[in-house]
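Participant: Residue strings, one per chain:
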Amino acid sequence: MADEGFEFPVDRTQVMLFARSVLDIRPEYSDPNDPATKAVGGIVTPPTFVQCSAHWQPNYPLDLTRPRQGPPPAHRGDAPGGGGGGLGRGLHAEQHYEYHHPIHVGDTLTVTTKPGNRWEKEGRRGGKLLFSESVTEYRNQDGVLCVTATSVGVQTERAVEQ
Amino acid sequence: MALKVGDTREQVVIENVNRSHIVKYAGASGDFNPLHHDEGAAQKMAGYPSVFAHGMLSMGLTGRMLTDWLGPTALKKFGVRFTKQVWPGDTLTAKGEVTKVENGLATIKVVTTNQNGESVVEGEAVAQA
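Read top to bottom, the protein sequences are chains S and Z. Take 1 as the starting number for the first sequence in the numbering used here and just add one per residue. Take 1 as the starting number for the second sequence in the numbering used here and just add one per residue.
Hints may contain errors.
As the list claims (entries may be wrong) - Residues from chain S that keep clear of chain Z, each with C-beta distances beyond 12 Å, as calculated:
#	residue
1	Gly5
2	Leu23
3	Ile25
4	Gly41
5	Gln69
6	Glu94
7	Glu98
8	Thr110
9	Thr112
10	Trp119
11	Glu122
12	Lys128
13	Glu137
14	Arg139
As the list claims (entries may be wrong) - Mimicking BS3-like on lysine-lysine, the simulated pairs with C-alpha atoms at most 25 Å apart in a straight line are:
#	chain 1	residue 1	chain 2	residue 2
15	S	Lys128	Z	Lys4
16	Z	Lys4	Z	Lys109
17	S	Lys38	Z	Lys77
Derived from the structure by calculation, the hints contain no laboratory data. Cβ atoms here follow ideal geometry from the backbone N, Cα and C, with glycine treated the same way.
Pulled out of the complex, with its shape left as it was, chain S reads as follows (with noise of 0.2 Å):
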């Protein structure tokens, strides 16, 4: 069963900021007068941006810090973005997508999350790893589905040695 799901409005800073955070510089991600930017029609994102859709999950469990009245949610296994990679055991073990539509600046993107396959496996060392996947799509504010996410996360029994 899929959550009722969040918004995800794209914004130009955000997409900046993610650029570069992975060291790109392209026009695309930042310029909306550059002829490259102009010719993609207008700000479009890296491939793995939609992991910055975790500022906008209300009940993201990977930020112990984000101000909210209550607790802070507990880790789920399945949380998007955080694919399993929890804290303490937890790893991303593989991420997943399939390009719709390009998403742009001035989106709004739904987000929701349905949980995939869940499998266990011995790991080489010992140990049991669980395995479990989570599919995100987003959805711009047309309804059309511009990226489906697959995030596995890996639970181990003990930290992962070098």
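Based on the hints, put chain Z in the right spot on chain S.
Facilitator: Relative to the frame of chain S, chain Z by itself:
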């Protein structure tokens, strides 16, 4: 773009990862898992030697190799497994190789390695050929 089987791209996507890179990614993405910025938490909570970079930072940097190569609107799919952690001091090189072209779509094998040649990210992308 006229991609064909065997086409490759290789690019150093980050040199000498430091804690400023990691906290910048945390701030931009919103992922404030203390394992990535709180040395004490990384050591005490989970037994790691230090903080390490978000897997999604490595994926984002790898994505930059793809968009530098193919442009910002060519990707149809991009998926990876995180195969090894990225630590402060690491330098990452992302490589792509076209393995199939069919119906106007190119399948690209993607691997990003650290300075020791160990892969940190492995996966596949599909792009307009």
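Participant: Against each hint, give a clear statement of whether it holds in the structure.
Facilitator: Each hint tested on the structure:
1. Gly5: holds (17 Å)
2. Leu23: The claim is violated: S/Leu23 sits with its nearest Cβ about 6 Å from chain Z, within 12 Å.
3. Ile25: violated (10 Å)
4. Gly41: About 9 Å separates S/Gly41 from the closest Cβ of chain Z, which leaves it inside 12 Å; violated.
5. Gln69: The claim holds: S/Gln69 sits with its nearest Cβ about 19 Å from chain Z, beyond 12 Å.
6. Glu94: violated (5 Å)
7. Glu98: For S/Glu98, whose nearest Cβ neighbour in chain Z is about 5 Å away, the distance does not exceed 12 Å, so it is violated.
8. Thr110: The claim holds: S/Thr110 sits with its nearest Cβ about 17 Å from chain Z, beyond 12 Å.
9. Thr112: holds (18 Å)
10. Trp119: Answer for S/Trp119: holds, closest chain Z Cβ roughly 14 Å.
11. Glu122: holds (18 Å)
12. Lys128: At about 17 Å from chain Z, S/Lys128 clears the 12 Å cut-off, so the statement holds.
13. Glu137: Correct as stated: the minimum Cβ-Cβ distance to chain Z is 15 Å, above 12 Å.
14. Arg139: holds (18 Å)
15. S/Lys128 <-> Z/Lys4: The given pair, whose Cα atoms are some 42 Å apart, is violated under the 25 Å limit.
16. Z/Lys4 <-> Z/Lys109: holds (13 Å)
17. S/Lys38 <-> Z/Lys77: Holds, because 24 Å separates the two Cα atoms, which is no more than 25 Å.
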